[in-house]
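Could you put the whole structure together from the sequences, leaning on the hints where they help?
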Amino acid sequence: MAEMHKPGHKLIFIIAEHSENRAKSVVFELAACADKIKKFCPAEIKVIILSQETEKLSYEITRTTGLDTIAIEINELALYNSEIYKTVINNLAAEYLPSFIIIGHTPRGLDFASGLAVRMNAACITGVEGLSEAGGEICFMRQMFYGKINVHIAASSEPLIITVQPGTFEPYKPDNVSPGRVETRKVQCVTEAIRAKGIRRYKFQDSSIFEAKVIVSAGNGIGEMENLDLINRFADIFPGSAVGGSRILVDRGWLEYRQQIGLTGAVVAPELYIACGISGASQHLAGMKKSGFVVAINRDPKAAIFNESDICVVEDLNKFIPTFIEEYEKREME
Amino acid sequence: MKILVCIKPVPDPESLITIDDSQNWIATPNHYKMNRFDESALEEALLIRDKYKSVSIDVLSAGSENSKDVIRRALGMGADAGIHIVFDADGYISPFLTASCIAYCIKENFYDLIFAGAMSEDYMQGQVGLLSAEMAGLPCVSFVVKQEISNDKKNIYVERELDGGLIESFELKLPALFTIQGGINKPRYPSLSNMLRANKAEIKTINSDLIGKTDPKQITLRMTIPEKRREGYVLSGSVKEKAAELLRILSKKAFIN
Chain A
1 MAEMHKPGHK LIFIIAEHSE NRAKSVVFEL AACADKIKKF CPAEIKVIIL SQETEKLSYE
61 ITRTTGLDTI AIEINELALY NSEIYKTVIN NLAAEYLPSF IIIGHTPRGL DFASGLAVRM
121 NAACITGVEG LSEAGGEICF MRQMFYGKIN VHIAASSEPL IITVQPGTFE PYKPDNVSPG
181 RVETRKVQCV TEAIRAKGIR RYKFQDSSIF EAKVIVSAGN GIGEMENLDL INRFADIFPG
241 SAVGGSRILV DRGWLEYRQQ IGLTGAVVAP ELYIACGISG ASQHLAGMKK SGFVVAINRD
301 PKAAIFNESD ICVVEDLNKF IPTFIEEYEK REME
Chain B
1 MKILVCIKPV PDPESLITID DSQNWIATPN HYKMNRFDES ALEEALLIRD KYKSVSIDVL
61 SAGSENSKDV IRRALGMGAD AGIHIVFDAD GYISPFLTAS CIAYCIKENF YDLIFAGAMS
121 EDYMQGQVGL LSAEMAGLPC VSFVVKQEIS NDKKNIYVER ELDGGLIESF ELKLPALFTI
181 QGGINKPRYP SLSNMLRANK AEIKTINSDL IGKTDPKQIT LRMTIPEKRR EGYVLSGSVK
241 EKAAELLRIL SKKAFIN
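First to last, the sequence lines map onto chains A and B. Numbering-wise (the working numbering), the first sequence opens with residue 1 and increments by one. Numbering-wise (the working numbering), the second sequence opens with residue 1 and increments by one.
Hints were generated in silico from the structure; no laboratory data involved. Bear in mind that the values here come from a model prediction, so they are computed numbers and not experimental data. Note that CB positions come from ideal geometry on N, CA and C, so glycine has one too. Treat each hint with caution, since some may be false.
To give a feel for the contact side, a few chain B residues facing chain A, derived at Cβ under 8 angstroms [to be verified]:
1) L162
2) E227
3) R229
4) R230
5) G237
6) V239
To spell it out: a stretch of chain A is covered by chain B in this simulated footprint if at least three of its residues, at any positions, have a beta carbon under 8 angstroms from a beta carbon of chain B; those stretches are [stated by the list, open to error]:
7) 53-63
8) 92-100
9) 148-161
10) 197-209
11) 235-241
12) 317-324
Below you can see the structure in the form of structure tokens.
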């Protein structure tokens, strides 16, 4: 029988995402999210680690955050397997009865979060980018419609699973913490449903996009592939510039993966970022919001990118950029 | 082999989205299109049928009347039959409710393989496919960027995308569900002959009230316009004036020599 949490306290589970025996940075952001929930209702936090080997991970997490961990060693988990995650976390939840389970809104986290919710008969809200409290109820904010609108959602029942967008919270790394406790247990979990085969790198990043002083970035709004020419000519005006873009252009094969700005691509912070025809969904904003100065060109005055911009140009970029280049050349002649 | 592809109409990404008077939903958009992830999911199914004979593809869309348009487009692209799970009103539908309807159809029709888009472009939840799989008791893998069915059609090899350009690979026994990442293929355009057939085709309709029995598990409280996180100085004047002003600002900040 598990050690029950304090009466009147809710229990929060954080599921630790890790890679090569290191905690992913999102784990510390999830801890910050849990800490914020704790301000709204008395709660205890436990970080759950599932891995073949947990010692190093527990050490890192308990020392950095001071939070308690439950480290579950599973021999069959040499490689990530969603069936094992769902089964083991579901069993653990049945034992501990957490009110909240917090998971990263990452390809890994999303892969098992929804299925786990069905198994636990839990609610599940994904892509959370903020939380607030009203009348004793916690309300979660997430984006919809390419970031043009925020929707505020509450769960109608407990337990609740949320996936939190990386970059939403500052990592929780308090000073002078005393390390949390570690409870380690070994679990056997054999699954036939999914067999993991391996992990490898198939797309390559190079340093050019990270080193650029100025990034001129293109999105769906450029319309035709030929218009990339215009983006390249525009970028040529700025010394130390590179051309980047949003995921959709990489998916279409118009740009290379190394040029992709956003959560699944490069997270950049140039001195100047010029977003051309980019709608500004949170996946993209997370990749550029630390930029020094941001200019956005978009014909849609409601585009979400304008919320993250210092200068807003509401124009069709196919008219605006040639005019800008003309003005620039005219000035050079003078 | 029977394949099911789940598809959804979404407002055009470039269109104007505004909050309606209820403050709890959006004003009806002018124009819908098929979610681009679902287009990729359908294309992937069509590629399987191009390769193997004796494959049939059903498409399913849960929603109001505009679901019929994307079903017809899918038939135009080459799907064999369409199922429309009818929700009477426009507005937010909990992913749990949509998934319970899809799971019902999966169980009813014994599909060998189910594809859904990795997420919808409008709600961006990435949930419906994965919830449906679990409710139907099937294994699933999300964000799939490659799939290969074994010759005996009993197993499938898939690769899925992680962040930072990594992929991981899995093998599963069919039946199973996969959510398809964008960029995996280049979706075909509907052909004229298929479109003519699609316009006449009968779409099977099922009332969602009869099959979607799940607790929605969430309530949308309100919608708001995202706050500005930077100054957001809006340039004014003609195109030429705006260009000249931006040139002045960027030169002053020494971004241009």
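Residue hint G237(B), partner chain A, criterion CB-CB below 8 angstroms: With Cβ-Cβ at 11 angstroms, over 8 angstroms, it is violated.
Given coverage of the region 235-241 of chain A by chain B, tested with a Cβ cutoff of 8 angstroms and a minimum of 3 residues: With 3 residues in contact (Cβ-Cβ under 8 angstroms with chain B), the coverage given for the region 235-241 of chain A holds.
Per-residue hint verdict: L162(B), partner chain A, C-beta under 8 angstroms: L162(B) check passes; min Cβ-Cβ to chain A is 5 angstroms, inside 8 angstroms.
Satisfaction of the V239(B) interface hint, Cβ to chain A closer than 8 angstroms: 5 angstroms, holds
Check of the region 148-161 of chain A against chain B for coverage (Cβ-Cβ below 8 angstroms, three residues minimum): Satisfied; 10 residues make the cut.
Supplied contact hint for E227(B), tested at 8 angstroms Cβ to chain A: 7 angstroms, holds
Stated coverage of the region 53-63 of chain A by chain B [criterion: 3+ residues, CB within 8 angstroms]: n = 0 at 8 angstroms, threshold three: violated.
Per-stretch coverage check for the region 317-324 of chain A, three Cβ contacts closer than 8 angstroms to chain B: holds (count 4)
Chain B over the region 197-209 of chain A, status - at least 3 residues with CB closer than 8 angstroms: With 9 residues closer than 8 angstroms to chain B, the region 197-209 of chain A meets the three-residue bar; holds.
Annotated coverage of the region 92-100 of chain A by chain B, confirmed only when three residues or more have a Cβ within 8 angstroms: Violated - the region 92-100 of chain A has 0 residues with a Cβ nearer than 8 angstroms to chain B, which falls short of three.
Supplied contact hint for R230(B), tested at 8 angstroms Cβ to chain A: 5 angstroms, holds
Residue hint R229(B), partner chain A, criterion CB-CB below 8 angstroms: 6 angstroms, holds
Checked against the numbered hints given earlier, the structure breaks hints 5, 7 and 8 and satisfies all the rest.
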